[in-house]
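Chains as they are written, first to last, in numbering that gives the first Met the number 0: chain F, 0 to 216; chain W, 0 to 216; chain H, 0 to 216; chain L, 0 to 216; chain Z, 0 to 216; chain B, 0 to 216.
Take the hints with a grain of salt, since some may be wrong.
[To be verified] Using 16 Å as the maximum straight-line C-alpha spacing, the simulated EDC-like pairs for lysine to aspartate or glutamate come out as follows:
#, chain 1, residue 1, chain 2, residue 2
1, H, Lys169, Z, Asp116
2, Z, Lys167, Z, Glu190
3, L, Lys169, W, Asp116
Keep in mind that the hints were calculated from the coordinates and are not lab data. Computed from a prediction, not measured in an experiment: that's the story for all the values here.
Number of protein chains: 6
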Amino acid sequence: MRILLINPNSNRDFTAAMDRSVSPLRAPGACRIDCVSLEGTPLGIETQRDIDSVIDPLCRLVEQESDRTDAFVIGCFADTGLYSAREVTTKPVLGICEAGLATALNLGERFGVVSTDAATLNADLRLARGYGLLERCVGFEPINMPVAEIATSDTARERMVSAGRRLKEKGAEAIVFGCAGMTPYRAMLRETLGLPAVDPCISAVAMAIGIVALAQG
Amino acid sequence: MRILLINPNSNRDFTAAMDRSVSPLRAPGACRIDCVSLEGTPLGIETQRDIDSVIDPLCRLVEQESDRTDAFVIGCFADTGLYSAREVTTKPVLGICEAGLATALNLGERFGVVSTDAATLNADLRLARGYGLLERCVGFEPINMPVAEIATSDTARERMVSAGRRLKEKGAEAIVFGCAGMTPYRAMLRETLGLPAVDPCISAVAMAIGIVALAQG
Amino acid sequence: MRILLINPNSNRDFTAAMDRSVSPLRAPGACRIDCVSLEGTPLGIETQRDIDSVIDPLCRLVEQESDRTDAFVIGCFADTGLYSAREVTTKPVLGICEAGLATALNLGERFGVVSTDAATLNADLRLARGYGLLERCVGFEPINMPVAEIATSDTARERMVSAGRRLKEKGAEAIVFGCAGMTPYRAMLRETLGLPAVDPCISAVAMAIGIVALAQG
Amino acid sequence: MRILLINPNSNRDFTAAMDRSVSPLRAPGACRIDCVSLEGTPLGIETQRDIDSVIDPLCRLVEQESDRTDAFVIGCFADTGLYSAREVTTKPVLGICEAGLATALNLGERFGVVSTDAATLNADLRLARGYGLLERCVGFEPINMPVAEIATSDTARERMVSAGRRLKEKGAEAIVFGCAGMTPYRAMLRETLGLPAVDPCISAVAMAIGIVALAQG
Amino acid sequence: MRILLINPNSNRDFTAAMDRSVSPLRAPGACRIDCVSLEGTPLGIETQRDIDSVIDPLCRLVEQESDRTDAFVIGCFADTGLYSAREVTTKPVLGICEAGLATALNLGERFGVVSTDAATLNADLRLARGYGLLERCVGFEPINMPVAEIATSDTARERMVSAGRRLKEKGAEAIVFGCAGMTPYRAMLRETLGLPAVDPCISAVAMAIGIVALAQG
Amino acid sequence: MRILLINPNSNRDFTAAMDRSVSPLRAPGACRIDCVSLEGTPLGIETQRDIDSVIDPLCRLVEQESDRTDAFVIGCFADTGLYSAREVTTKPVLGICEAGLATALNLGERFGVVSTDAATLNADLRLARGYGLLERCVGFEPINMPVAEIATSDTARERMVSAGRRLKEKGAEAIVFGCAGMTPYRAMLRETLGLPAVDPCISAVAMAIGIVALAQG
């Protein structure tokens with residue numbers, strides 16, 4: 000059994016962080032979880048143009064890996080190429096936004112999302128509305144910082160805490176990371192706010208494992 | 000690491016079937032998954048009185064197992080005692096209805112639910128509405144059969160296919176089992192209808208594994 | 000004709016206040032309205048465990064009084080045991096939350112709810128969402144005070160006004176009391192804010208009288 | 000104490016039926032309930048033009064009766080003039096549609112409405128959506144018959160049963176009468192279908208009694 | 000081809016401003032656009048009574064102009080008489096509120112509305128909810144000023160900017176004018192806020208032109 | 000002034016039909032309306048892969064035409080590339096799905112959509128939900144026919160009437176064409192069903208003209 004978690008940007012540090020974040024889901028004899036970057040794509044998916052530009056290479060990868068993969072996870076909070084990828088494989092394909100929000104519902108009455116900036120916030124909102132997953136969402140709060148700097152910026156930590164606090168004040172009982180690049184801050188945010196911090200890569204891979212299990216036996 | 004999947008009825012055949020159904024999620028070195036029945040509870044949770052009557056023994060079990068358990072899953076589609084159980088442990092507690100519906104979103108545009116009968120259908124509907132998870136649901140179709148007979152009845156198979164077909168005609172791209180007792184029909188329904196059949200016990204346990212991972216590292 | 004208003008906690012001062020609050024609905028020759036406490040239940044329904052723990056004694060009372068009662072009203076804003084109670088009697092059973100919110104719609108464009116604390120606020124929200132009654136609700140504001148102290152606390156009055164003002168600023172044209180124990184503050188809040196204050200016990204009993212009338216003639 | 004139930008059409012038989020229907024709410028010493036027709040208005044409110052044409056005489060009556068009335072009920076399912084009437088009196092004004100639908104929520108999981116024809120069906124739908132009261136509504140079924148003939152037509156009975164059955168098949172647990180003129184069929188429909196039949200005049204007057212009580216003491 | 004834009008108040012300066020505002024839609028050989036005032040109606044539509052009082056003269060005008068008009072636009076944000084007017088003509092009738100909000104959706108993720116005061120704000124909210132057009136609305140902000148003074152008041156400009164800014168802070172990407180009398184501030188608001196300002200008269204007339212085109216060929 | 004209506008497929012007959020359909024909006028001295036095909040794109044946009052594959056050429060065209068264009072309309076019911084296109088120009092960009100559905104609201108109480116097949120139906124549904132435009136939609140009915148054959152197929156006419164009738168039976172008062180290629184059937188469907196048939200290219204171009212007007216003066 001193998002899950003393939005695809006980072007649609009070409010930033011290998013990003014992919015390595017993603018790979019580390021899902022390691023608690025690995026076990027000997029359990030489903031294998033591989034993380035890969037796309038090649039030739041932007042270092043951070045910032046704009047809608049970025050989002051749309053990676054769909055083709057993503058689909059080509061999915062098609063090529065389909066035979067030796069049991070489920071795919073698209074590791075970008077825009078769930079880029081989700082419906083196209085489903086056309087090129089018969090295996091389940093999940094997006095981390097949909098899986099992350101769906102998981103957050105199970106952690107409390109309402110959740111909130113930390114977004115990267117105002118533009119992604121609007122895109123996230125549109126996506127979440129399309130998923131029918133806004134009803135228990137208290138809102139989206141941006142940290143206003145380029146995706147590629149989140150993991151290394153001096154101020155990211157502070158901005159994430161501040162965004163998380165605003166969401167908590169609005170009633171959030173779980174905080175969803177609105178970008179795969181926020182993964183290094185999971186423990187920090189969880190401990191500072193006293194709330195579960197949902198790294199959507201973890202949630203999506205776990206859900207994918209469950210979906211693969213549904214197709215067995 | 001240990002997940003405890005609790006069957007709130009006292010039917011041990013039921014628990015054994017549940018235990019088998021989640022076995023694809025087990026692996027050496029991975030999260031341990033235990034299934035238990037409650038004692039002294041009904042053989043099938045049919046009525047709201049049944050639902051409410053098992054909350055106290057359920058909570059007592061959760062409290063007692065809390066120290067040696069990383070997450071709890073309540074294996075009844077009514078998600079009986081979900082909020083009470085969360086008060087007696089600091090560990091995550093999931094209900095199979097909420098987790099199953101949330102997972103189904105990731106399998107297609109819309110899903111449908113096979114319910115046991117008209118009374119549970121109304122209770123399911125109320126629950127799903129409270130979860131904010133009706134927007135992509137095509138409906139609930141009952142098989143009109145007592146919970147305790149589902150696994151062994153001669154006509155259950157045919158009734159499940161018929162309910163599943165009605166949901167597919169309404170546009171469902173995934174079928175959620177609205178009772179933990181339907182688990183034996185997963186492969187059959189999936190193959191007959193050509194749609195994913197969501198055994199919510201599997202989905203909830205996989206999600207619980209992911210949620211436990213969120214709290215690590 | 001007889002309506003039975005049941006206070007699910009065992010606090011007799013509470014029941015007496017409830018009894019006084021519904022007295023404007025009494026008249027010679029009109030429907031008789033009796034208020035009773037449950038026995039052996041908590042002095043205040045604070046937690047979900049409390050809510051769930053009173054369902055069994057509540058249902059036993061409903062069953063026992065069914066023959067000589069025309070409608071039941073559950074006097075706890077959690078509408079505890081509503082669906083179980085409906086299984087043990089053929090008579091109408093109302094919850095004060097559902098009836099109170101439904102009444103508030105008729106008093107203006109939007110309403111708000113004064114909750115007891117953050118935990119009940121989340122439970123109220125879940126209940127109201129399940130009822131499909133959130134669309135014209137501006138929000139829930141907590142007074143952060145134990146149920147059993149509301150009627151007698153020195154600061155309750157001030158906290159209720161403050162919560163009510165926040166709701167009014169958000170656009171509420173009616174304020175719903177999110178706890179049967181707030182009944183002594185109805186005139187005060189109405190006069191201070193210049194808005195209708197909905198004591199949901201009154202609203203639910205009046206609605207029950209109307210529902211009994213539907214079944215006559 | 001006095002409630003004034005206003006029939007906005009000028010059909011006195013209609014008003015007399017309405018008057019009889021609310022009689023179970025009358026009692027010596029209780030709130031007085033008066034029913035009046037408007038003068039010079041249509042015999043049945045069929046069209047939107049009819050609806051709008053009665054607002055002015057309705058408001059003039061409300062203004063004139065305001066001092067000696069504690070609450071007004073507008074006895075037309077279009078809730079004609081509701082917001083205008085609220086501007087000419089400080090007393091509560093209720094519409095039978097809003098109060099009837101709000102009451103129906105308390106009678107089961109979902110309700111349905113018997114409408115007069117396709118045009119009123121669309122108007123009802125718009126009204127109910129504006130009220131935020133569609134979430135638990137299974138639909139509206141028309142009897143396709145002029146308002147003024149409903150009470151006396153030979154086929155009305157049969158058409159009402161047929162519309163009610165369709166609503167019941169869709170899951171309705173209560174049937175709301177979408178016209179004040181359907182009041183004579185309450186017992187018949189309730190008994191034939193085995194479901195509560197909501198005469199919205201009764202529900203609205205009962206709710207008005209409760210609202211008057213809120214303003215006392 | 001002719002569109003008739005009807006100002007339901009009797010303020011001719013108002014009508015003249017409306018007429019100027021739609022002039023960018025005029026062209027030789029294109030659809031003719033005429034603006035008229037009603038006679039004998041209030042100088043500003045402020046209250047629900049005002050709204051309801053103009054329906055009859057509005058309908059009489061529509062009926063009379065029907066033969067020589069291809070579509071009607073009601074130039075009042077309350078969409079007064081929309082459904083009555085549709086009964087007296089077979090030609091399309093649009094309201095500027097519905098058309099303006101529907102257009103605003105096409106300008107960004109979410110929009111906000113500048114209302115005249117708290118009473119109209121509640122009426123707008125009810126209308127927009129009835130239209131099913133609230134889901135992407137960040138809110139309504141009042142300028143608290145009589146309709147008849149908006150065009151000429153010294154403080155209107157500043158109040159409109161302030162209301163617009165509050166909406167922008169809430170995430171609005173387009174600002175809808177909640178009163179036909181705000182038309183003189185379109186360029187100013189657009190330039191000050193850097194957001195599209197939707198004069199709903201323009202939007203509705205353009206939409207009416209498109210609807211007339213649908214019926215051709 | 001110039002509106003550019005872009006057909007994202009490379010089928011020139013398709014573009015010519017689109018061009019003819021918007022001709023009622025043309026007039027001397029009025030806004031110029033040009034229609035163009037993309038080059039090298041599929042003959043019909045059938046799949047999500049098709050939808051995503053045309054975004055890049057679409058954006059390049061928009062960027063290149065931006066200086067001499069006042070608004071863009073994307074002539075594909077999937078609104079392909081809408082948000083990417085908005086990033087490469089400061090001019091308004093509209094999608095025919097969003098504009099068509101928004102227009103349909105103004106034509107009656109509820110509308111329905113004729114889709115091409117089950118896959119596009121699901122994509123349409125997701126899009127409409129994301130737009131917040133499902134509340135007054137009775138449903139989507141497919142004609143099950145490839146996009147490229149719609150205009151010329153012998154059976155398309157009959158299938159469109161049949162889909163339209165099903166929508167009318169569900170309560171639709173306007174029928175929206177869910178594909179730019181259905182434009183030849185506008186008059187036929189309107190006359191056969193007696194309902195407005197919304198060619199979304201016309202509606203979107205008219206709305207674009209209005210939006211251009213908002214930015215003038």
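Hints versus structure:
1. H:Lys169 x Z:Asp116: OK: Lys169 (chain H) and Asp116 (chain Z) at ~14 Å, within 16 Å.
2. Z:Lys167 x Z:Glu190: Satisfied, since the Cα-Cα distance of roughly 13 Å is no more than 16 Å.
3. L:Lys169 x W:Asp116: holds, 14 Å
Against the hints set out earlier in the document, no violation occurs for any number.
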